[in-house]
Structures are given as structure tokens and as C-alpha cells.
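Chemist: Sequence:
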Amino acid sequence: MKRLSIFLLFLSSLLAYAQGLSCGDLGSKEVFASAPKDFVYMNEKIFSCDGSALNLAVVKDLFDAAKIVRGENQSCVGNIVYTENLNKFRWLVLEASFAPSIYAKTLEKPEISEAQKDAQMDFFRYWANKSLYNFIKYKEFLKFYNDAQTPLVKFYEDKGIDAGSAAYYATSLVGEFLTFAVGKQDINATNKPALSDEQKILSDKTAGFDYIASLLYSKNFTPFELTNMLDTALLYEQDTDVINEILKRGAQINAGDETPIFFALKNLKNVEFLIKKGADVNHKNFFGKSALFYAVQFDDARLTQLLIANGANVNERYIDENTKIAMLNLGEESFLGNTCALEHTSRSVFMHAAAHSGAEILELLRQSGADIQAVDEAGFNAMDYAVKNGNDAAVGYLKTLNLKPNIE
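Counted the way mature numbering (1 follows the signal peptide of the UniProt record, and there is no 0) counts, the sequence shown spans residues -18 to -1, 1 to 390.
Treat the hints with care, since some could be wrong.
Claimed, not checked - Pairs of lysine-lysine residues, derived as DSBU-like cross-links and limited to a Cα-Cα distance of at most 30 Å, are as follows:
(1) Lys174 with Lys136
(2) Lys121 with Lys19
(3) Lys121 with Lys251
(4) Lys182 with Lys259
(5) Lys248 with Lys230
(6) Lys386 with Lys248
(7) Lys121 with Lys49
(8) Lys112 with Lys266
(9) Lys27 with Lys87
(10) Lys87 with Lys19
(11) Lys87 with Lys99
(12) Lys182 with Lys119
(13) Lys141 with Lys187
(14) Lys11 with Lys70
(15) Lys201 with Lys42
(16) Lys251 with Lys136
(17) Lys119 with Lys251
(18) Lys141 with Lys19
(19) Lys174 with Lys99
(20) Lys201 with Lys259
(21) Lys121 with Lys42
(22) Lys230 with Lys258
(23) Lys201 with Lys166
(24) Lys166 with Lys70
(25) Lys266 with Lys248
(26) Lys42 with Lys259
(27) Lys121 with Lys174
(28) Lys11 with Lys248
(29) Lys125 with Lys136
(30) Lys386 with Lys370
(31) Lys141 with Lys182
(32) Lys248 with Lys42
Think of the hints as simulated: they come from the structure by calculation, not from any bench.
Start from the sequences and build out the full structure, keeping to the hints where you can.
Modeler: Written as C-alpha cells, this is what we have:
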């Protein structure tokens, strides 16, 4: 009993310290002399104090992009772990904002930091080429990553820091967001995941057809290697003559969890070309998402129309709860990463459109035979999705169909 009382007293003191920190405390460098003993129950307000880099608009955008790339979900890791990881990072940003000289002491030597960044970028690029979703998030992150440098230099200069040191702190802090997004990489590893040399060339739009064609016949590639090359070419929107040459060489048009047509969805011409070559418009990934789900998610009416005209199932659904549980029980990392976060099983294309699209696509789906009354396994219908996602255009349209929310 005595031990329990001591533990509770210790815990309460930790909470009092963590919750008691205020903006005024951050002006004292002593606050950053050691890390807080508890990151879970910190005062949320301190992260938006005046003088924090987290208040810069581009840094906010970079932080949001980093969280998406990181992909950590409370449903998967639990609220305590999620909050602790989030607050540890935000505390690091506060330290870099208010006590940059202390923050600098935690940094590696410049040559090691540069090697780490190169390794992270190599991995990040490899990750980006695994799916169109990854690729889009990669490009969004890189935009904010590059845009944040100059405002952060000014942020430090406005604090009276000399230009050289300001640039050093800004570069280092931007690098922290990359680390938060993709993690540290082993710079000495000999077998790191990375794009092949051929994929790197195919990611360059200036590489001419003749050069790419000669590359394709330079050695014997496996069908798997050629399909990866095809996916990369589609992500970077290479012309159809390049796409056709890779297919002729032996790339598999319907291979993979997400087949080449998924990688082409931002280029209507390439989608149409793949369909003519035999791409399955109803192939589903392990979530149960077909290309049509992505088309409505992008609010792309022309792409949606093209897929439907070529036989896309307008009543397709995500996996059901039993399938989700079975996948989780497999214990495979490729499933665990996102499947545990999938709350609305059996979501239909029409529900997905209600969350992301406007009236034009919803009407197109309805006219094409979509079940507007369908509900998912949580009991949500299309109107619930529209309301939950704040999609006013969809709400207005669904009202004309006399559709009411199931969940109040």
C-alpha cells in the first residue's frame, strides 16, 4: 500500500510538471536542459506559444504532411504511444525554436547528417514508388519540405541569430521533419531498399524514348522487375510509346496488389491505353479498393466516366470486418500498417464519393446503377459520410435524393 502511495505521488508530480508548463517557462533555456519525464500529459497550449516554429504556416503544412507519411494511427498503436511520439517531436521543435544552442548540441556532425538525409531520401523515394497514394504524399511532403527552408531562416534571423547559424538551424530543423516522417535509416547498410537504376531513369521525363528503349533491351529483366519499371513510368507519366515498349518487353499488366492501372490514375491517356491493352478495371487491392474508389476520391469526373464506361463496378465495396480480422491475424506487416485503422468496413463507392466528390460524380454513379441506400458495417450511409467529411456539395445533392443520415 505504501509503495502504491509513493508511486501515485510520483505520478501526480509528473503530471503537475507536464501540465504546469506554460508559454512563459519556454523563455528560460533551463527548461530544455533535460527532456520532460512524461510526454503524454503535456499542456497542449505550449506547442502554439509565440516564438514557436510550429506557428509558421509552411511548418504547419510540413508537420501535417509528415504525420500522413509517418502513418501512425491511434487505432493501431494506442492513444498513449501515439500522443507520446507526437509530443516528443513537438517538444524537439520547441527546443529548436527557443533554445537553438542547446538543440545544436544534440545534432550529428554535418557529414553524418548529410549521409543520413541521403539515406532517408533514397528510402523515401523507394516508398513513394510503391503506390500512387504514397507518391502523392511524397510530392506533397517534398513541396513543404523545400518551401520551409527560407521562412525558417528568417524565423531564426528575427530572433537575432546570425545568417550562417540561422541557415544551419533551419536546415537541421527541416531535417527533423524528414526523420519524423520516414524514420532514421542505417547509413552503413549494404542492402537498403532503393529504386533500381532503371526506375531512376524512368522517373526522368527528359529521358528520350530511344535511350529508354535501349535500356530495356540492355539485359534480361524478370517480369517482376519490368512491372516495377512500368509502375514507375506510369507514376511519372511517361508517354504511351514508353509504356507500350515496357509491356512488349514483358511487364505484367495485371500484377501486384495495386496493378499498373492504379499507378496511371493521374494520367487519363495512360489509363485509357492500359485498358485497351487489357488492364482489369475491377482489380482490388487488399483493402478492397478498385481504381474507381480512387477516381471518386480525386473528384475526377472524366476518369470516373472512363472507368465506368469500361465496366467498373459502381457497387464495389471495401473488405468486410471478417476479412479485416483475418488479415490482421496473418500478422504480416504489409497488412498491419493500415488495416487496423480501417474502421468503416464494407464502404461502397457511392459512400466514398459522398465523402470526397461533388454532385457531378454522385449523379454519374447513381445513373450508372449505384445503390444510394447502401450502408457500411458501422451503419453509415452516404449522407453520414458527406456530413462527417464536411462535404457540403455532396450533402446538398443527397438531400435532393431525400437521403437522411442514419447516425445522429
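Chemist: For each hint, tell me whether it holds in the structure or not.
Modeler: Cross-check of the supplied hints:
1. Taken as a hint, the lysine 174 and lysine 136 pair is broken in the structure, with Cα atoms around 36 Å apart against an allowance of 30 Å.
2. Taking the CA atoms of lysine 121 and lysine 19, the gap is near 36 Å; set against the 30 Å cutoff, the hint is violated.
3. The hinted pair formed by lysine 121 and lysine 251 meets the criterion: a straight-line CA distance of about 21 Å does not exceed 30 Å.
4. At roughly 25 Å between alpha-carbon atoms, lysine 182 and lysine 259 fall within 30 Å of each other, so this suggested pair holds.
5. Between lysine 248 and lysine 230, the direct Cα distance comes to roughly 23 Å. Compliance with the 30 Å bound is thereby established for this hinted pair.
6. For the proposed pair lysine 386 and lysine 248, the alpha carbon gap of about 33 Å is over 30 Å, so the pair is violated.
7. Simply put, lysine 121 and lysine 49 have alpha-carbon atoms about 14 Å apart, close enough for the 30 Å limit, and the pair holds.
8. Our distance criterion of 30 Å between C-alpha atoms is met by lysine 112 and lysine 266, whose separation comes to about 16 Å.
9. Restraint check for lysine 27 and lysine 87: satisfied, since their Cα atoms lie roughly 26 Å apart, inside the 30 Å limit.
10. Between lysine 87 and lysine 19 the alpha-carbon distance is near 20 Å, which keeps this suggested pair within the 30 Å criterion.
11. The straight-line distance between the Cα atoms of lysine 87 and lysine 99 is roughly 18 Å, inside the 30 Å bound, and the hint therefore holds.
12. Our distance criterion of 30 Å between C-alpha atoms is met by lysine 182 and lysine 119, whose separation comes to about 19 Å.
13. With a CA separation close to 42 Å, the supplied pair lysine 141 and lysine 187 exceeds the 30 Å bound.
14. Among the hinted pairs, lysine 11 with lysine 70 is consistent with the structure: their alpha-carbon atoms are about 17 Å apart, no more than 30 Å.
15. Under the criterion of a C-alpha separation no larger than 30 Å, the hint pairing lysine 201 with lysine 42 is inconsistent with the structure, at around 46 Å.
16. Annotation: proposed proximity of lysine 251 to lysine 136 is violated, straight-line Cα distance about 44 Å (limit 30 Å).
17. For the given pair, lysine 119 sits about 23 Å from lysine 251 by alpha-carbon distance, which is consistent with the 30 Å threshold.
18. About 28 Å separates the Cα atoms of lysine 141 and lysine 19, which keeps this hinted pair within 30 Å; it holds.
19. Distance check on the hinted pair: lysine 174 and lysine 99 sit about 14 Å apart at the alpha-carbon level, within 30 Å; holds.
20. Among the hinted pairs, lysine 201 with lysine 259 is consistent with the structure: their alpha-carbon atoms are about 25 Å apart, no more than 30 Å.
21. A C-alpha spacing of about 16 Å is found between lysine 121 and lysine 42, which places the hinted pair at or below 30 Å, so the restraint holds.
22. A threshold of 30 Å between alpha carbons decides the hint, and for lysine 230 with lysine 258 the separation of about 14 Å falls inside it, so the pair holds.
23. For the hint linking lysine 201 to lysine 166, the alpha-carbon distance of about 34 Å lies beyond 30 Å, and the restraint is violated.
24. For the hint pairing lysine 166 with lysine 70, the CA-to-CA distance comes to about 15 Å; that is within 30 Å, so the pair holds.
25. Taking the CA atoms of lysine 266 and lysine 248, the gap is near 18 Å; set against the 30 Å cutoff, the hint holds.
26. Distance check on the hinted pair: lysine 42 and lysine 259 sit about 43 Å apart at the alpha-carbon level, beyond 30 Å; violated.
27. A distance of roughly 22 Å separates the Cα atoms of lysine 121 and lysine 174; the hinted pair therefore holds under the 30 Å criterion.
28. With a C-alpha separation of about 49 Å, the suggested pairing of lysine 11 with lysine 248 is violated against the 30 Å cut-off.
29. Pair hint lysine 125 plus lysine 136 holds up; C-alpha atoms about 18 Å apart against a cutoff of 30 Å.
30. Distance check on the hinted pair: lysine 386 and lysine 370 sit about 13 Å apart at the alpha-carbon level, within 30 Å; holds.
31. Proposed proximity of lysine 141 and lysine 182 is contradicted: the alpha carbons are some 41 Å apart, above 30 Å.
32. For the hint linking lysine 248 to lysine 42, the alpha-carbon distance of about 27 Å falls within 30 Å, and the restraint holds.
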